[in-house]
Amino acid sequence: MTEVLVVDDSKVMRDMVVACLRARERLRFTHAASGLEAIERLSLASFDLVVLDLNMPDIGGIEVLEFVRAQDKLRELPILVVTTRGDEASRERALGAGASSFMTKPFTPEGILDQVDALLGESTGRS
Amino acid sequence: MSAVDVLHVVFKVGETDYVLPASTVLEMESFSGVTHVPGTATHVAGLVHIRGRVIPLVDLRARFGLGPVERSLDQRVVVVDHHGRRIGLLVDAAREVAKIEQGAFDRPPDIVVERAAGFVKAVARVGPRLVMLLDCERVLAQEQGDG
Amino acid sequence: MTQSVDVQEFLQGFLGEADEHLGRITGNLAAIEREPSHAHGRELGELLRSLHTLKGLAGMMGIDGIVDLAHAMETLVRAAERSHGRLPPRALDPLVEGAGAITQRIRALADGLAVPPAPEPLLAALERAADAPSEGPEPRRALQLDLDPSIADKLTASEREEIGRALEHGDAVVLVEFVPTPAKAEAGTTITTVRAGIAPHGRIVRVLPRSRPRTEDAPGGLDFALVVVTRLSVAELAAAARVDPSDVRRIGATEPVDTPALVESVGPADEGAFDRASRKGVVRMDVAKLDAALEHLSAIALGRARLREEVQRLAADGLDLRRLRAMLDDEARPLRRMRETLLGLRMVPLREVLEPLPLIVRGLRNTTGKHVRLSVDVGTAELDKTVAERVFPALVHIVRNAVDHGIESPDVRASRGKPPEGHVRVEASSSSAATLDITIVDDGGGVDAAAVARRAGKPVPSDDAGLLDILTTPGFSSRDETTTTSGRGIGLDIVRQTMDALGGALELENRPGQGTTMRLRAPLTVAIVDAFAFEAGRERYLAPIGVVDAIVEVEPSAVVRPPRGPGEGQPIELLHVRGDVIPLVSLRRALGLAPTGDEPKAMIVRRAGHRFAFTIERMLGRHEVLVRPLGDPLVRVPGVAGSADLGDGRPTLVLDLAGLTGRLVERTSAEVQP
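Residue numbers (this note's numbering), protein chains in the order written: chain A, 1 to 127; chain B, 1001 to 1147; chain C, 2001 to 2674.
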């Protein structure tokens, strides 16, 4: 099973991400409703992929990225960052902070599947 | 500026085809009976339960002065939004939609479709047929008296 | 979104989240509106996030109208946040309008109607406001906090300001350090529960994740530092957060004496922040589901009635069914409690319903040129959600009327010795156990009864009730051209119809030259009524048992037809019942229908000392039903209180027998001797 951590404060958004990725049977999803919860979960369990929304209260996606990349164990973890249109500045910051890839909302099921396949393919290829 | 094609719902009352802009039509359901409310106008068939809501049903045949018919599977309830009120219109059939250009509507000629003349805002051609644009304001107007 | 994922699946969830975000947006806008001279870093930040999230969600759902509005509003707020953390004064109006426009579109979506695109003029106004410079000094706080620089340095100016304000109120600054571990997670303590535990008791200014060396107990290599302002003691806060007291410590804070406080006078502590946090644990639900639950409860009650009948029959055969009877009785109480609970779930706090009102009034400032302050003082009053939904548009109309027609222009007010700002007050009080009085009081010019009468072509009314009658005549408008604010939407005639349909009332108190008071009386709940079901003319009806005195067999021998002289109208019949003589009328006839057969039974109805017997075909049992008032004018007739669902999908009419009796009494009072 491939463990995926889906991080977004909107439950509807998280459910949409999971619905889009339904086609890949080997994926198992864990939800985190805040950046803080995401960091906590990442510290206590291991994941193969993170889908991370940038726009969250208390601690935004960029801070999560910075914190995560500062941990040795999590440096190589594939992180797909999701931003909303009109927030192109964040794209630069996200990539600079260590995002593996990014996507803008609204996205299509095909769009996110492509990204996820690429990220997971890369990482398994390496090991 | 090119003309705008507006989607309309087409339905039949008696032998005539009528249309309403699709934007005012909320739902179309089959007709499975009505609860009569005593003391209402003759064309108010009563109350129907549609998708969790109880709404009034107006019998367009009665409204247009046509005699009643036997229940048929083709009958439909066309639910319209009229200034925020949800009201059902009982029609003999409703199977089609049509795109009608805004400019294609003309003033109604002196047609004799029993008393429907007062309830028609405009007419248009859809293929070989003449369709009437229903004037919901008149159809649903309250008449004084009753109860 | 395309093919394999259907957005409709997410519609309910989207509507729920959108509602929450709209609530946060209006709440924050209202907070900014209350104290426009303050810096509002926190409010702007929350506005930004809610708008941004809403935009993303609406984008996924394909609702461009909302995306465009949210984007324009977000751009404006972002520009303000970057410069001084303050909204320029002219920015608030288009933002409020934008929030209203988004709300309308959400409502359209919920009602299954098309969502219109964002209005161009509003988008342009938002864009213009984003370019305007903001005013006021930059808030600065040179606060010295006894905190590790790794934390202190990360606090933003806005956050320092927040801490400073809280300190001035006597709150304390506290640092909570939480180390997540597998053991704690198993015991149910996570960063999320810690935050939730703290939230009702203080404001969490910032949460910072920090790396730390891994240990056997804490293999995560992580801890969280929470900077909290609170009134609780260290021990109390630790208990609330379910953390060890040694993980909580109070932080000293000082403001260097030589730095002048550049922040303006502080207002009262913002309790709103505490309230919002403690609203977690609130579940959004569809009122239709509640109604369905209540109807299922009716079906259970129906089943129980049948059980009882069966028990009765068996007992008549001589079986000892006392224990069975006792079991049936025991069930009654929990069912009753369940019904009360379900009914209670339908209640919403009036204060929440009225939240958008001050913003609406603010919006009217520009279109009417009138300066009006709206205060809402409704305490903890609650009412049924369906009632609230119907009453709200009526309230909005009355408030708009007060601003538009009631409150005079500043010049006229000055000449009358009134303060330039008009005042509209909305208050609520319970007038009885079952009704709520909502009053709207304005200090405007009152209604000119003579002018109103002239315009309506009617004689000058002799009292306020008469004046209200003229004002609520359909089509009446007190201006020649409908004004842009009150002209569209509902009129006072619809307000009255709404209150009537709800079984409430509308009253007017006019004080010429000084103002007006409108009083709306609303039922607290829509009725769940214990009703008899019966058949008359092969149609099924319901009637509340409260008005029914007795149900009797109509023995032909007990019916008397007193002789009538010529020209005395319809022959009437009288029924002998236990020594009394009661007028007898076919229910069908009373409803204006023709009777269709034998009507061997009669229901005796009492109303204000008069009794009438209505003949019917047969009784069908007792039910607890949810009565839906017949809202639409097409079907509103006297004698019919509403409709209910007996579980077969067809609406069954609920009759107002008391009302019918009243009308019959009027008609026949001269003819029947008691």
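One should not assume that every hint holds.
Straight-line C-alpha distance at most 25 Å; calculated SDA-like pairs for lysine to any residue [unchecked claim]:
(1) A/11 x C/2022
(2) A/73 x A/48
(3) C/2154 x A/69
(4) B/1012 x B/1130
(5) A/73 x C/2336
(6) A/11 x C/2208
(7) C/2385 x B/1136
(8) C/2385 x B/1053
(9) C/2289 x B/1128
(10) C/2601 x C/2631
(11) B/1121 x B/1086
(12) B/1012 x B/1041
(13) A/11 x C/2042
(14) C/2154 x A/48
(15) C/2154 x A/92
(16) C/2154 x C/2206
(17) A/11 x C/2027
(18) A/73 x C/2109
(19) A/11 x C/2109
(20) A/11 x C/2016
(21) B/1012 x C/2113
(22) C/2289 x C/2045
(23) A/11 x C/2013
(24) A/73 x C/2225
(25) A/11 x C/2024
(26) A/73 x C/2212
(27) C/2154 x C/2253
(28) A/73 x C/2213
(29) C/2154 x C/2045
(30) C/2385 x C/2448
(31) A/11 x C/2107
(32) A/73 x C/2316
(33) C/2154 x C/2214
(34) C/2289 x B/1136
(35) B/1012 x B/1136
(36) A/11 x C/2290
(37) B/1099 x C/2065
Listing some non-contacts, in silico: residues in chain C with all C-beta distances to chain B over 12 Å [claimed, not checked]:
(38) 2116
(39) 2144
(40) 2249
For the record, the hints were derived by calculation from the structure and aren't laboratory data. Each residue gets a CB set at the ideal place from its N, CA and C atoms; glycine is no exception.
Each hint, compared with the structure:
1. Taking the CA atoms of residue 11 of chain A and residue 2022 of chain C, the gap is about 16 Å. The hint holds against a cut of 25 Å.
2. Distance hint between residue 73 of chain A and residue 48 of chain A is fulfilled; the C-alpha atoms sit about 12 Å from each other, no more than 25 Å.
3. For a cut-off of 25 Å, the pair hint linking residue 2154 of chain C to residue 69 of chain A stands: about 18 Å separates their Cα positions.
4. Straight-line distance between C-alpha atoms of residue 1012 of chain B and residue 1130 of chain B comes to about 12 Å, which keeps the hinted pair within the 25 Å bound.
5. Among the hinted pairs, residue 73 of chain A with residue 2336 of chain C is inconsistent with the structure: their alpha-carbon atoms are about 58 Å apart, more than 25 Å.
6. Under the criterion of a C-alpha separation no larger than 25 Å, the hint pairing residue 11 of chain A with residue 2208 of chain C is consistent with the structure, at around 23 Å.
7. With a C-alpha separation of about 30 Å, the suggested pair residue 2385 of chain C and residue 1136 of chain B falls outside the 25 Å cut-off, and the hint is violated.
8. For the proposed pair residue 2385 of chain C and residue 1053 of chain B, the alpha carbon gap of about 15 Å is at most 25 Å, so the pair holds.
9. For the hint linking residue 2289 of chain C to residue 1128 of chain B, the alpha-carbon distance of about 47 Å lies beyond 25 Å, and the restraint is violated.
10. Between residue 2601 of chain C and residue 2631 of chain C the alpha-carbon distance is near 32 Å, which puts this suggested pair outside the 25 Å criterion.
11. A C-alpha spacing of about 21 Å is found between residue 1121 of chain B and residue 1086 of chain B, which places the hinted pair at or below 25 Å, so the restraint holds.
12. This hinted pair checks out: residue 1012 of chain B and residue 1041 of chain B have alpha carbons roughly 22 Å apart, not beyond 25 Å.
13. Restraint check for residue 11 of chain A and residue 2042 of chain C: satisfied, since their Cα atoms lie roughly 23 Å apart, inside the 25 Å limit.
14. Distance hint between residue 2154 of chain C and residue 48 of chain A is unfulfilled; the C-alpha atoms sit about 30 Å from each other, more than 25 Å.
15. At roughly 22 Å between alpha-carbon atoms, residue 2154 of chain C and residue 92 of chain A fall within 25 Å of each other, so this suggested pair holds.
16. A distance of roughly 9 Å separates the Cα atoms of residue 2154 of chain C and residue 2206 of chain C; the hinted pair therefore holds under the 25 Å criterion.
17. Proposed proximity of residue 11 of chain A and residue 2027 of chain C is supported: the alpha carbons are some 22 Å apart, at most 25 Å.
18. As the CA atoms of residue 73 of chain A and residue 2109 of chain C are separated by approximately 46 Å, the hinted pair breaks the 25 Å bound.
19. With a C-alpha separation of about 19 Å, the suggested pairing of residue 11 of chain A with residue 2109 of chain C holds against the 25 Å cut-off.
20. For the hint pairing residue 11 of chain A with residue 2016 of chain C, the CA-to-CA distance comes to about 10 Å; that is within 25 Å, so the pair holds.
21. Our distance criterion of 25 Å between C-alpha atoms is met by residue 1012 of chain B and residue 2113 of chain C, whose separation comes to about 24 Å.
22. For the suggested pair residue 2289 of chain C and residue 2045 of chain C, the alpha carbons sit about 35 Å apart, so the restraint of at most 25 Å is broken.
23. Proposed proximity of residue 11 of chain A and residue 2013 of chain C is supported: the alpha carbons are some 8 Å apart, at most 25 Å.
24. Restraint check for residue 73 of chain A and residue 2225 of chain C: satisfied, since their Cα atoms lie roughly 22 Å apart, inside the 25 Å limit.
25. With a C-alpha separation of about 17 Å, the suggested pair residue 11 of chain A and residue 2024 of chain C falls inside the 25 Å cut-off, and the hint holds.
26. Proposed proximity of residue 73 of chain A and residue 2212 of chain C is supported: the alpha carbons are some 14 Å apart, at most 25 Å.
27. Between residue 2154 of chain C and residue 2253 of chain C the alpha-carbon distance is near 16 Å, which keeps this suggested pair within the 25 Å criterion.
28. Between residue 73 of chain A and residue 2213 of chain C the alpha-carbon distance is near 13 Å, which keeps this suggested pair within the 25 Å criterion.
29. For a cut-off of 25 Å, the pair hint linking residue 2154 of chain C to residue 2045 of chain C stands: about 16 Å separates their Cα positions.
30. Distance restraint check for residue 2385 of chain C and residue 2448 of chain C: the Cα-Cα separation of roughly 36 Å exceeds the 25 Å cut-off, and the hinted pair is therefore not satisfied.
31. Under the criterion of a C-alpha separation no larger than 25 Å, the hint pairing residue 11 of chain A with residue 2107 of chain C is consistent with the structure, at around 20 Å.
32. In summary, the hint linking residue 73 of chain A to residue 2316 of chain C is not supported, as the alpha carbons are separated by about 80 Å, beyond the 25 Å threshold.
33. Straight-line distance between C-alpha atoms of residue 2154 of chain C and residue 2214 of chain C comes to about 24 Å, which keeps the hinted pair within the 25 Å bound.
34. Between residue 2289 of chain C and residue 1136 of chain B the alpha-carbon distance is near 32 Å, which puts this suggested pair outside the 25 Å criterion.
35. For the suggested pair residue 1012 of chain B and residue 1136 of chain B, the alpha carbons sit about 15 Å apart, so the restraint of at most 25 Å is met.
36. Simply put, residue 11 of chain A and residue 2290 of chain C have alpha-carbon atoms about 23 Å apart, close enough for the 25 Å limit, and the pair holds.
37. Between residue 1099 of chain B and residue 2065 of chain C the CA atoms are separated by roughly 24 Å; this keeps the pair inside 25 Å, and the hint holds.
38. Under the 12 Å C-beta cut-off, the non-interface status given to residue 2116 of chain C relative to chain B is violated; the minimum distance is some 10 Å.
39. Under the 12 Å C-beta cut-off, the non-interface status given to residue 2144 of chain C relative to chain B holds; the minimum distance is some 59 Å.
40. Listed as a non-interface residue, residue 2249 of chain C keeps its Cβ farther than 12 Å from every Cβ of chain B; the least gap is roughly 56 Å.
Violated hints, in rising order: 5, 7, 9, 10, 14, 18, 22, 30, 32, 34, 38; the structure is consistent with all others.
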